[in-house]
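Asker: In order, the protein sequence lines correspond to chains P and H.
Position 552, counted from 1, in the first sequence is what my numbering calls 552; the numbers after and before it change by one each time, with no gaps.
Position 132, counted from 1, in the second sequence is what my numbering calls 132; the numbers after and before it change by one each time, with no gaps.
In case anyone wonders, no lab produced these hints; they're calculated from the structure.
Honestly, I wouldn't trust all of these hints.
Sample of chain H residues lacking proximity to chain P, with all beta carbon distances greater than 10 Å (derived) [what the hints assert, rightly or not]:
#: 1; residue: S20
#: 2; residue: G46
#: 3; residue: V48
#: 4; residue: A58
#: 5; residue: L97
#: 6; residue: W101
#: 7; residue: R148
#: 8; residue: R151
#: 9; residue: R200
#: 10; residue: L211
#: 11; residue: A228
#: 12; residue: A248
#: 13; residue: I255
#: 14; residue: V257
Beta-carbon label-pair distances, calculated as ranges [stated by the list, open to error]:
#: 15; chain 1: H; residue 1: G62; chain 2: P; residue 2: R596; range: 53 to 59 Å
#: 16; chain 1: H; residue 1: P96; chain 2: P; residue 2: R118; range: 46 to 52 Å
#: 17; chain 1: H; residue 1: P149; chain 2: P; residue 2: I677; range: 50 to 56 Å
#: 18; chain 1: H; residue 1: P149; chain 2: P; residue 2: D219; range: 42 to 48 Å
Where is the CB? At the ideal position from N, CA and C, for every residue including glycine.
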Amino acid sequence: MTWTRPEALPERPAGRLREPRPQRSLSPVEIAQAAVMGALSAALAIVSVVVPFAGGISLLATVPMGLLGYRYRLRVLIASTFAASTVAFLIAGISGFMVVVNCAYVGGLTGIIKRRGRGTPTVIAVSLIAGTLFGLVIIGLLAVLVRLRTLTFQAMTANVDGVVSVMSAFEPFRQPAEDARHVFGLALDYWPVLLMSYAIFSIMLVSLVGWWALSRVLDRLRGIPDVHKLGTPDETGTVAPLPVRLDQARFRYPGADHDALRPLSLSIDAGEHIAVTGANGSGKTTLMLLLAGRRPTSGSIRRPGAVGLGRAGGTAVVMQHPESQVLGTRVADDVVWGLPPGARPDIATLLEEVGLAGMAERDTGGLSGGELQRLAVAAALARRPALLIADEITSMVDQRGRDALLGVLSGLTDRHRMALVHITHYDSEAGIADRTVSLSESTDNKVMVAQAAPPAPTVNHAPAKSVPVLQLRDVGHEYGCGTPWAKTALRDVSFTVSEGDGVLIHGGNGSGKSTLAWVMAGLTAPTAGACLVRGKPAHEQVGQVAIAFQAARLQLLRSRVDLEVASAAGFSPHETDRVVAALAAVGLDGSLARRRIDQLSGGQMRRVVIAGLLARRPQALILDEPLAGLDADSQQGLLRLLTGLRRDTGLTVVVISHDFAGLQELCPRILHLDRGILTPSAEPSGVSGGPA
Amino acid sequence: MTAARQRRPVVLLRPVPGSSVIHRLWAGTKLLVVFVISLTLAFYPGWVPIGLAATLVAIAIGLARIPRGAVPSIPRWLWILVLLGAVTATLGGGEPLLRLWSVDVEVGGLLKFLRFTALSIVLLALGAMVSWTTNVADVAPAVATLGRPLRALRFPVDDWAVTLALALRAFPMLVDEFRLLYAARRLRPRPVLADGRSRRRRWLAEVVDLLAAGVTVALRRADEMGDAITARGGTGQISAAPSRPGRADWVTLGIVVVVCVAAVVVEIRVLG
């Protein structure tokens, strides 16, 4: 679900590392970083506590905290520690809490040392002091909690005594056992000394491991593009964003060699509904940034008052990623999220307007992409904005969700006193607007450079239709078996995929299609029935059936394309010709081999994943929402590639999707999944014909 | 085919379905109760406080109608470990004596061990009760209300509460992403490496790769979340409903305080 924005900068700007913040309170970026890194740290700490023999993972929980210490103020680190320790406490109890506090302490120190540009000797010295302080705190605590200490020591002594008395029954062990008891008793007598040595040792060890891991990870993060876009405009005065007039406004990112937005003249008045269209890289998002308060590099933007981003009567923005738009855990909470204290919008009416009536108490975690985006629109409307900017809000939403969203958008300017700027790369969506601004003439097609044509087939493959590859017999799966949270995801699913087949498994949100994909790939053992790959259970041969996840970035584990392909395929990265051949098979140029993963576009990432998977010659290839999040050009390119692969090499393809659009040729056979049950049906006619 | 040996998993941050007095209590009350009881037990881990706390937890479990299935399966090695501990502690002996069929058994060691185990279980159950009966969405607002007095001391309590709310929102998404990362790793062939040194180096490189992938995803998530916060004009309210204690909460707090004070008094005065 994450991918590189082509218009993003190739390098993080230097200022990003330490944003000077004169004001005391945390900025939006700092809060978000503190929260997400805290959650990451808590997750690692919880795994180390809950999963047996995974204690070592807690060493890694220092890294997110170290990153915060390196990039932000101490205040951010403290807020994050608070959040992470509370989360860990809620899930893993007091031990989770302790692990997080410890990791924040050590991680924060290493991060700050890193920021100061010091090296390993400083880490050793600082961790020595930190360990001593930590030891003092623990000794102080145990000195106060006399009874708890006594009980713990007595319980330990009883166990040791028991072992010793057993050992003493056997003559050769009597003396060593007695000695051990003596040493143990001595150690308990001098417990402060023992605890202090332990504290110093463990803190130094964790610091050094954390330092090592943090340094490696920071090296890795250098090439990551910055997807953070919005900034709070620096402004005072009354909020009045409309009417706005752009006069030859042009924008170029600092250090870039071309304009992100070519000179543009445009005016937007109250009550207008404007569609902005254009290909990727034409500056649609940059235009959104300018309207949201960024200053143009040249030209001018005039408005009567302040932009008022997110303020009452100001400018509201809804962006692309459904999950990231929604900040509240409960639907009603998200509508009011961030409103000034005392503001009481009519939540029921707002939710009704976006078609979410009666869902105020629902958890946002269970909403579909389309519902999340409509909720984000409701939250924007709660601010009664004069200008609402919808930036490609339908691009990660399925067809039904897209229609519902467009339905909400189409009437907005009639029902409210506001202007709507709808940015989209689907021409068909622009139809509902009063007028369309097209940015396409300034297209800069750098995305297409590395996509060569797929090579001609080398093997003349005649598909033998009847050989079954995947056989599912009465497959059922229930999550959380035996718990009050038990939820059936699949029920009595039976079908067969034969060699060379192209199958589309179609289903909506929560239909169980992702579970089915995991079962077929062998990643999940079904709780009922059997899933066989060439006659053997799938979960006993993970890797035989390849699966490309929707979140391609998560499947790319190595730092560079060649390393990644080699690791996924199981050959050495030095075998350049095999890497190049694997890349060529998915239509990627060999020159891409040494490119860093984080500098690839979304379409390229997906192709690299497929290249690595196909190089192992899998029995079948499962693709989970292969087109989601790609622009129209990349979608068509990927579809052409997959169709060609199936036709020419006899690849067996299973696509999991909530969309039919454009998949007919790749997947002639369609299975429809509804609430975990396979329904025969599904003629794609009438549902297809999406805006792609 | 695997149904028979399926273990009950640990379910994260989701309350047991249903509604009860305990479910409806203010989240802050539950946090306070856990805090007060833990503090009492930390200072006075005697049989009386442990027993009284266990009774309170048992009543709460009954009121909240927590089914047995909510408790995750306990791995066999843990049972064996506890049993082993009990046996060695019994062999350790110590006062008092227990006469069993005319055999004197010294059960002092066993009693110490049992007390320590009981203490651990009560503390675990206390924490679990909060998870089982509290909607995640209610935690951060409750923390904000509870922390209000600290605001006078210039602690940035509101920033903390917002960070906590967002961390709880981001947590399930990160867990899903970890599941994917783990699955992606399982799909790969194992590299065949002969000597231990290159295997170790390979392993370390892999740890860094996984960590870097995880952090990259988290960074992006944070970037987007930061944009979403900016788009809403910064932070402000985090919940639609007011977060404050009601009558049931005062009653609960009263009961817990009385029980804790009684336990401490018995522990100090009566048992010394």
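Asker: Determine for every hint whether it applies to the structure shown.
Answerer: Hints and how they fare:
no. : hint                             : result
1   : S20                              : holds, 13 Å
2   : G46                              : violated, 7 Å
3   : V48                              : holds, 12 Å
4   : A58                              : holds, 18 Å
5   : L97                              : holds, 15 Å
6   : W101                             : holds, 21 Å
7   : R148                             : holds, 13 Å
8   : R151                             : holds, 12 Å
9   : R200                             : holds, 14 Å
10  : L211                             : violated, 6 Å
11  : A228                             : violated, 5 Å
12  : A248                             : holds, 20 Å
13  : I255                             : holds, 23 Å
14  : V257                             : holds, 20 Å
15  : G62(H) with R596(P): 53 to 59 Å  : holds, 58 Å
16  : P96(H) with R118(P): 46 to 52 Å  : violated, 59 Å
17  : P149(H) with I677(P): 50 to 56 Å : holds, 54 Å
18  : P149(H) with D219(P): 42 to 48 Å : holds, 44 Å
The structure is inconsistent with the numbered hints 2, 10, 11 and 16, although it conforms to all the rest.
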